[in-house]
Amino acid sequence: MPARPKSTPSHDKFLSLREAVDLGYAGYSTLRKYITDGRLPAHRLGRRIRLRQSDLDALLAPPRISQVDAAIERLVSAAPPLSAEQTRRLRHLLGDAS
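Take the sequence shown: its position 68, counting from 1, is numbered 68 in full-length UniProt numbering, and each next residue is one higher.
Honestly, the hints are just simulated from the structure, not real lab data. Being a predicted model, the structure only gives us computed values, none of them experimental. We treat Cβ as the ideally placed atom computed from N, Cα and C, and that holds for glycine. Any given hint could turn out to be false.
Unchecked claim - Simulated restraints on C-beta separations:
| no. | residue 1 | residue 2 | range |
| --- | --- | --- | --- |
| 1 | Ala78 | Tyr28 | 43 to 51 Å |
| 2 | Ala61 | Val21 | 53 to 61 Å |
| 3 | Val68 | Arg32 | 32 to 40 Å |
| 4 | Arg74 | His43 | 53 to 61 Å |
| 5 | Pro81 | Gly24 | 44 to 52 Å |
| 6 | Arg89 | Ser54 | 34 to 42 Å |
| 7 | His43 | Pro81 | 27 to 35 Å |
| 8 | Val76 | Arg32 | 36 to 44 Å |
| 9 | Glu73 | Gly24 | 25 to 33 Å |
| 10 | Gln67 | His43 | 50 to 58 Å |
| 11 | His92 | Thr36 | 47 to 55 Å |
| 12 | Arg39 | Ser77 | 56 to 64 Å |
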């Protein structure tokens, strides 16, 4: 995972591609590819391309956990400890033969 950029200016700030590269978001061609792929929204101001800093920050954010995985985590953390017999039965129901 890439390191956070060197500065933390306002999230509503617009940056040029070169400024984004200089702040450490990614390389020039990588940012251009993200724009082409639709992963990074770009805004044209005349002939120049500007990137919203909050969109660049979102590229660096860790991927969100799925809703199913989040629900499983909540259930597991809230569940009481299982007895050896309950653990055996649960394994059997889930298809684990051990």
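Taking the hints in turn, this is what the structure says about them:
Our hint of 43 to 51 Å for Ala78 and Tyr28 holds, since their Cβ atoms are close to 48 Å apart. Distance hint check: the CB atoms of Ala61 and Val21 are about 19 Å apart, inconsistent with the given range 53 to 61 Å. Distance hint for Val68 and Arg32: a CB-CB separation of about 35 Å, consistent with the stated range 32 to 40 Å. Under the hint 53 to 61 Å, the C-beta atoms of Arg74 and His43, about 39 Å apart, miss the expected range.
Against the hinted window of 44 to 52 Å, the Cβ-Cβ separation of Pro81 and Gly24 comes to about 46 Å, which satisfies the hint. Arg89 and Ser54 have their C-beta atoms about 49 Å apart, which leaves the hinted 34 to 42 Å range violated. About 54 Å separates the C-beta atoms of His43 and Pro81, a value inconsistent with the hinted range of 27 to 35 Å. Under the hint 36 to 44 Å, the C-beta atoms of Val76 and Arg32, about 42 Å apart, fit the expected range.
Range check, Glu73 to Gly24: Cβ separation about 32 Å, and the 25 to 33 Å hint holds. Range check, Gln67 to His43: about 31 Å between beta-carbon atoms, so the 50 to 58 Å window is missed. Between His92 and Thr36 the beta carbons are some 51 Å apart, a value that agrees with the proposed interval 47 to 55 Å. Take Arg39 and Ser77: their Cβ atoms lie about 33 Å apart, and the range 56 to 64 Å is violated.
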